[in-house]
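Use these hints to put chains Y, B and L onto chain F, whose structure you have.
Spelled out, the chains give:
4 protein chains.
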Amino acid sequence: MTAHSSPARPVLLGQNQYGKAENRVVRITRDGTTHHIKDLNVSVALSGDMDDVHYSGSNANVLPTDTTKNTVFAFAKEHGIESAEQFGIHLARHFVTSQEPIHRARIRIEEYAWERVEGTGADGEEIKHSFVRQGQETRLTQITFDGERWEVVSGLKDLVVLNSTNSEFWGYVKDKYTTLKETHDRILATEVSARWRFGWTDGEQPAPDWNESYEQTKRHMLRAFAETYSLSLQQTLYEMGARIIENRDEIDEVRFSLPNKHHFLVDLEPFGLKNDTADGAVYLAADRPYGLIEATVLRDGSEARIPADLTNL
Amino acid sequence: MTAHSSPARPVLLGQNQYGKAENRVVRITRDGTTHHIKDLNVSVALSGDMDDVHYSGSNANVLPTDTTKNTVFAFAKEHGIESAEQFGIHLARHFVTSQEPIHRARIRIEEYAWERVEGTGADGEEIKHSFVRQGQETRLTQITFDGERWEVVSGLKDLVVLNSTNSEFWGYVKDKYTTLKETHDRILATEVSARWRFGWTDGEQPAPDWNESYEQTKRHMLRAFAETYSLSLQQTLYEMGARIIENRDEIDEVRFSLPNKHHFLVDLEPFGLKNDTADGAVYLAADRPYGLIEATVLRDGSEARIPADLTNL
Amino acid sequence: MTAHSSPARPVLLGQNQYGKAENRVVRITRDGTTHHIKDLNVSVALSGDMDDVHYSGSNANVLPTDTTKNTVFAFAKEHGIESAEQFGIHLARHFVTSQEPIHRARIRIEEYAWERVEGTGADGEEIKHSFVRQGQETRLTQITFDGERWEVVSGLKDLVVLNSTNSEFWGYVKDKYTTLKETHDRILATEVSARWRFGWTDGEQPAPDWNESYEQTKRHMLRAFAETYSLSLQQTLYEMGARIIENRDEIDEVRFSLPNKHHFLVDLEPFGLKNDTADGAVYLAADRPYGLIEATVLRDGSEARIPADLTNL
Amino acid sequence: MTAHSSPARPVLLGQNQYGKAENRVVRITRDGTTHHIKDLNVSVALSGDMDDVHYSGSNANVLPTDTTKNTVFAFAKEHGIESAEQFGIHLARHFVTSQEPIHRARIRIEEYAWERVEGTGADGEEIKHSFVRQGQETRLTQITFDGERWEVVSGLKDLVVLNSTNSEFWGYVKDKYTTLKETHDRILATEVSARWRFGWTDGEQPAPDWNESYEQTKRHMLRAFAETYSLSLQQTLYEMGARIIENRDEIDEVRFSLPNKHHFLVDLEPFGLKNDTADGAVYLAADRPYGLIEATVLRDGSEARIPADLTNL
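Residue numbers (this note's numbering), protein chains in the order written: chain F, 11 to 323; chain Y, 11 to 323; chain B, 11 to 323; chain L, 11 to 323.
For the record, the hints were derived by calculation from the structure and aren't laboratory data. Computed from a predicted model, the values in this text were never measured in an experiment. Be aware that a few hints might be false.
The list cannot tell twin chains apart, which means a pair is met if one copy fits it or any two copies do.
Listed below are the simulated SDA-like cross-link pairs for lysine to any residue, each with C-alpha atoms no more than 25 Å apart in a straight line [claimed, not checked]:
(1) LYS191 to LEU294
(2) LYS271 to ARG40
(3) LYS184 to ASP62
(4) LYS186 to ARG37
(5) LYS184 to SER240
(6) LYS186 to ASP62
(7) LYS228 to VAL170
(8) LYS138 to GLU225
Only chain F is shown next, with the shape it has when bound in the complex (with noise of 0.2 Å):
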């Protein structure tokens, strides 16, 4: 990245990127009576050519982010949604290869996944327009193109999971702040934010199957969650990212951020209570402050891409 000086001060322009974000399109296709239903929260975000509109305020180089905003919706029409990472690419390709200031295109897509409400219609057949909201996890993808290269980082957040058992924490450093008991039967539990960036960058090569790429990394990412005997937060979040890379060729890198969302085992005694873990306890579910454990898994040979930072604490 280069910053280029303003005509009259000693004062220059970075890194930049606008565009319309949190555009919220719902796509209903119909086959026959059969509705189907993508829901997206797409934001825009564009670089290139800017340095005008930022020391003088010409927007001759700018295409208005209500504009970006409209494409949007009429790329939902026009192209349809197969997968958010299909429908992102679209977008990329079309605002840098279609307006010659823009000279890269970032497009990040929430997706919220819907599934059937059982019904039967006045006419006796089962009804298949009615939805209701999964709500578990939020998935997550990332389409960056700068005219040649495509990068396309997807994932997930909002995913909360807990073991009640298998879980350990001892054998750590103590100093004079230390006050942390060891334990050897804890309930380990995260909400799970992760991104996973893909090998595919050359628009030429065949791309992905989005959709199974993702339905198949995370059943990965919360089998290795469920099957790791846990000493340490770090050493489950490796191998959650371990198996994903074993198991998913397309991937080369994941990054974590996991909260640590602690359950203490309250203290009963008073009351004339055990507590113990080994009978079944009652645990305090806290909010803050939590561990935050953030690290990124790669595959041997694969530089690391994918931002430090998934959150802002």
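Only chains Y, B and L this time, still in chain F's reference frame:
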């Protein structure tokens, strides 16, 4: 409710209640290596002979809110959590019968549902201690006890549903501020907030099967949403309530607060595109403002007791 | 409130209301280069002869929620926004008097306060069109009109206050679940949610000065919080309400919902540090659970009309 | 950053960090009956020789996150909180210098500002221990230390500003998806999220006066917002950054993330009303989508080091 006069001033104390809100209690039970989880957010509100603490600050009649918190956690161990309703009944009875100055207890509970994560342990056995939060609706209950009569109001919130057809809106009043176009095929979507009151009030009588009642009530409500050909959200609301009343004898009253989550058909004509519902269309999912439809549906002969306001807007 | 029987089923319709919620209206007025801003969030709820729309979906009596939205924006231009209360009165009167099937209107308004940003224009004149949101409390009002009688309930939320001394808590009931230690010097902090009801109900009588009333009521409430040597949050609550009743003749009733925002004295002894309140201490500001203290304070001779629940927990 | 190979698998560990997030520490200091308050939310992230904990779960190099929490509270007592920046510096230095495996510490702090509530005590003296939260912006800082070099990035978020005139938008690119009308008088509003990096990196050199720097930086930024006649939000952003660089020698780089909080002029013509900006107009304050303008402004000769993404959308 009687208001009490202050010793020194012409200012009266009216209805009052206090307690510890949002106790986040998680209870694990173990059946060998098969674990079960209950995840609640419990809020306690107590009323009674509490004039002095307001007028003079004397705490002689005040069981500390901290004690009510301890009681929640101790009861989760002592009594277990068979259902949110049953757990609330234990708590309410305890506060009213064990503390002379406390005449009324109200327990509100939110419950978060979990499902199992599949996995295989190192021993080759299926893992039964790993969970992922479902994340769909939040189950609710409110137990009120005044020493004689019970009132149980259960419900849910955050359940987002959508019909992609079979919804019309026309034939309404037009005044000088009306610009809305009539429609014969629109998306109907809402985020259901519902409360239902049980007929059960006498602790000597057998109580409903709370968990079965919840599952069936949710099922009937969803089916009614899917199966109703809707001319207005009010009609759909009434149908959802009527189905519950007709199918669940244990329930006498239902209150709904249904935001009309508007999905606006996007005008794509400027871009040379048709965007007809019959073809499968593209919609903008709007945030604010939104229609808000609220109503009570009652069993004939029952009294309306659920307050009108489930929201503060 | 009467419940109406459905033509075909033993299921009654109870209280119901509908309208457009959360209309975010901003009104600028210009006095030369000096601008003024009013920033409101307006929610409309209408009730009346609405059986048919629930039973059959007939919208013949239904003024669309979209029309109520249009009316909010048109009235902001036609009538201006002198105060949230006055604006709500215009709206409520309009809906009830202009639409025969509408018998009752309730207008809820949130108001966000702004202050000026200092600056000098290119002409050397002080800038009077630049604002920064204050961000402290949110001002509230609710106007209800049934064609004859007015009810105005104003208030605020999100006002966070803290006394770092002059708060004690001791002399309370101890039962088998009590572990709390008594304290003679603690932090008392809360996030005030308050509603106050005006005596004004007759539209023929002169109305209070709504803006002056709001400023003075907030001032008295804050001073009462600061000046009360507190033995319990209930005592402080009562004092806050009593001061309003004593000083503001136009107000007959106040309802508070006061979470006790616990600040726990941290135990630093394991680190060889004393952490005494008398010295200035370090506290952990806790999130959940929290004490929740709610009460009504009334003018002698007045009736309590504000609902008990300002929150849903 | 080097990635390390796992002993057994072709899967590497990349950048990683851990610590306790969101420690809510409140520090009261007493100067006789005059009290002062500091209210922080402190998040610790540590990096270093942490391969083993990821690969095998060995915690031999892991200082528990619980210990980092204890350290935050203990340091608030031992060192006091002169400024968020100074407090973060104490913490970062401690972790890096006291624990051999820890090579880098990053401390992020949010600070909430309070102002005094006026009141008179029973003794007739002015009360100096009662506070109300200001609630405007949240002050931010991030301290990073690797044992040699310091990096301090401060900033703020949630500061909502609005100009009711002196904003135009025209002369932009029109493509086939452009429908936006040009305007020569619009509202310009944004919610400022800003980070600024200090030139101070050498702990041996005297540090800036952090509190004075914050107040002045905020003041210059606000004045620039008010005083700029704006042809685009990009121009206003650049001006806000340039003013900081020009006026605050201690700051070398500023990054902004500015949502364009759209205020749409409402079309009131259907109701026979003119709604001209020149008269004072009525606007709809929209939620989503919104323009999002992000850029870095740099001192000539400085390197851009603040990451591009301050948000996740």
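Okay, the hints, checked on the actual structure:
1. LYS191 to LEU294: both (17 Å within a copy, 20 Å between copies)
2. LYS271 to ARG40: between (42 Å within a copy, 21 Å between copies)
3. LYS184 to ASP62: between (56 Å within a copy, 17 Å between copies)
4. LYS186 to ARG37: between (58 Å within a copy, 21 Å between copies)
5. LYS184 to SER240: Classified as within: same-chain Cα gap 20 Å, cross-chain 41 Å, threshold 25 Å.
6. LYS186 to ASP62: This pair counts as between: shortest inter-copy Cα distance 23 Å, intra-copy 56 Å.
7. LYS228 to VAL170: both (12 Å within a copy, 23 Å between copies)
8. LYS138 to GLU225: Classified as both; 23 Å inside a copy, 22 Å across copies.
Hint compliance for this structure: no hint is broken.
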